[in-house]
Amino acid sequence: MTTTSPGWGILGPGRIADAFARDLATGGHRLVAVGSRNGERAAAFAAEHGIPNVHASYEALVADPDVDVIYIATPHSHHREHALLAIEGGKHLLIEKAITTTGDDAQAIVDAARAKGVFVMEAMWTRFLPTMVAVRERIAAGDLGDVVAVNADHSQMLDLSPGSRLIEPSLGGGALLDLGVYCVSLAHAVLGPVTRIQASGVVDAAGVDHRGAAILEHAGDGISTVTFSMETLGSNRATISGTDGVIELDPAFYTWTRYARRHASDHAAIAEAFEPDMLGRGMQFQAAEVELCIASGKLESELMPLDESVAIMRVMDEILRQMRAGA
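Letter 1 of the sequence shown, counting from 1, is numbered 1 in the UniProt record's numbering, and no numbers are missing.
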């Protein structure tokens, strides 16, 4: 292990890894290695981002003594395999959301991490943005009263042409795992465990969901509605409603965005307008959380606990089951 700040390695140099690497640089974190099954691709990624150690296999990346924590950026269909490899190698992990494709796979990662004694966190970067920090502060201060509802949409027109990962079942294709996960995670974070699910949507012949919606009932009588699509553009807004007021998150709600808070007694007036001072995409904040936890000897984050990642995956398991059953 390093005696300075942790050395980061990236497993899978794709599009999301590129964004993460740039934000690591923005946040002043140390990116020391990249690994790919394609050596040329790893070398090109390393040259672009100034990464000193290049590995032509994931096994070599895991064995690199300069690497303390690995960001897994491969398709979520491969997260279990790659996470278990890295955990066995004793590396701390940040795993791109969705953490896996099923609740059982997520639980397998959690069990392995706890047995090995390494830190693991799902990379739900939204939770660590200044916007969501401010939202949590407002809720904790009681500015919304009792929070009882969340409404969230994540809908984009994505590339669904033949060969796209998004329509490939073996690669975890579908709108829910790529887009809807943001909505479900927000609802779970604000309202707590889900007790009942009603879902429907459009699923193709291969079982891949293209768009859908769900009503989630939460412990304590909270209700959330989530909509998601990879073939239509939606509002990409979210609202968090309480007995005394509401927070309205501008599109895209899951990014470093603005919000307006309104009192229930005067919905026309804005009680607070939050305007972020943006710097990068914002993925550096989850990296900072990882490093803070590791430095403190913690094996998981209180803001993104492992059991919650598993619970969110099980909610999405049931949403997908209902969508496919109704197809």
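Quick caveat, the hints were computed from the structure, so don't treat them as lab data.
Computed from a predicted structure; not experimentally measured.
Keep in mind that a hint or two might mislead.
[To be verified] Distance ranges between label pairs, derived from CB positions: (1) Met-278 with Asp-18: 16 to 22 Å; (2) Arg-114 with Thr-4: 39 to 45 Å; (3) Met-157 with Glu-137: 32 to 38 Å.
[As the list claims (entries may be wrong)] The calculated lysine to aspartate or glutamate pairs, modelled on EDC-like cross-linking and capped at a C-alpha distance of 20 Å, are: (4) Lys-116 with Glu-291; (5) Lys-116 with Glu-59; (6) Lys-298 with Asp-111; (7) Lys-116 with Asp-159; (8) Lys-116 with Asp-143; (9) Lys-116 with Glu-300; (10) Lys-116 with Asp-64; (11) Lys-298 with Glu-88; (12) Lys-298 with Asp-317; (13) Lys-298 with Glu-308; (14) Lys-116 with Asp-307.
Where a beta carbon is used, it is the ideal one built from N, C-alpha and C, also for glycine.
Quick rundown of the hints versus the structure:
Separation of Met-278 from Asp-18 is about 18 Å and conforms to the stated range, judged on CB atoms against 16 to 22 Å. Against the hinted window of 39 to 45 Å, the Cβ-Cβ separation of Arg-114 and Thr-4 comes to about 27 Å, which falls outside the hint. Our hint of 32 to 38 Å for Met-157 and Glu-137 holds, since their Cβ atoms are close to 34 Å apart. The straight-line distance between the Cα atoms of Lys-116 and Glu-291 is roughly 18 Å, inside the 20 Å bound, and the hint therefore holds.
In summary, the hint linking Lys-116 to Glu-59 is supported, as the alpha carbons are separated by about 18 Å, within the 20 Å threshold. In summary, the hint linking Lys-298 to Asp-111 is supported, as the alpha carbons are separated by about 16 Å, within the 20 Å threshold. With a CA separation close to 39 Å, the supplied pair Lys-116 and Asp-159 exceeds the 20 Å bound. Simply put, Lys-116 and Asp-143 have alpha-carbon atoms about 42 Å apart, too far for the 20 Å limit, and the pair is violated.
Only pairs whose Cα atoms come within 20 Å are accepted, and Lys-116 paired with Glu-300 is accepted, the gap being roughly 13 Å. For the suggested pair Lys-116 and Asp-64, the alpha carbons sit about 18 Å apart, so the restraint of at most 20 Å is met. At most 20 Å may separate the alpha-carbon atoms for a hinted pair to count; Lys-298 and Glu-88 meet this at roughly 18 Å. With a C-alpha separation of about 29 Å, the suggested pair Lys-298 and Asp-317 falls outside the 20 Å cut-off, and the hint is violated.
Among the hinted pairs, Lys-298 with Glu-308 is consistent with the structure: their alpha-carbon atoms are about 16 Å apart, no more than 20 Å. Straight-line distance between C-alpha atoms of Lys-116 and Asp-307 comes to about 17 Å, which keeps the hinted pair within the 20 Å bound.
In this structure, the earlier hints numbered 2, 7, 8, 12 are contradicted, and the remaining ones agree with it.
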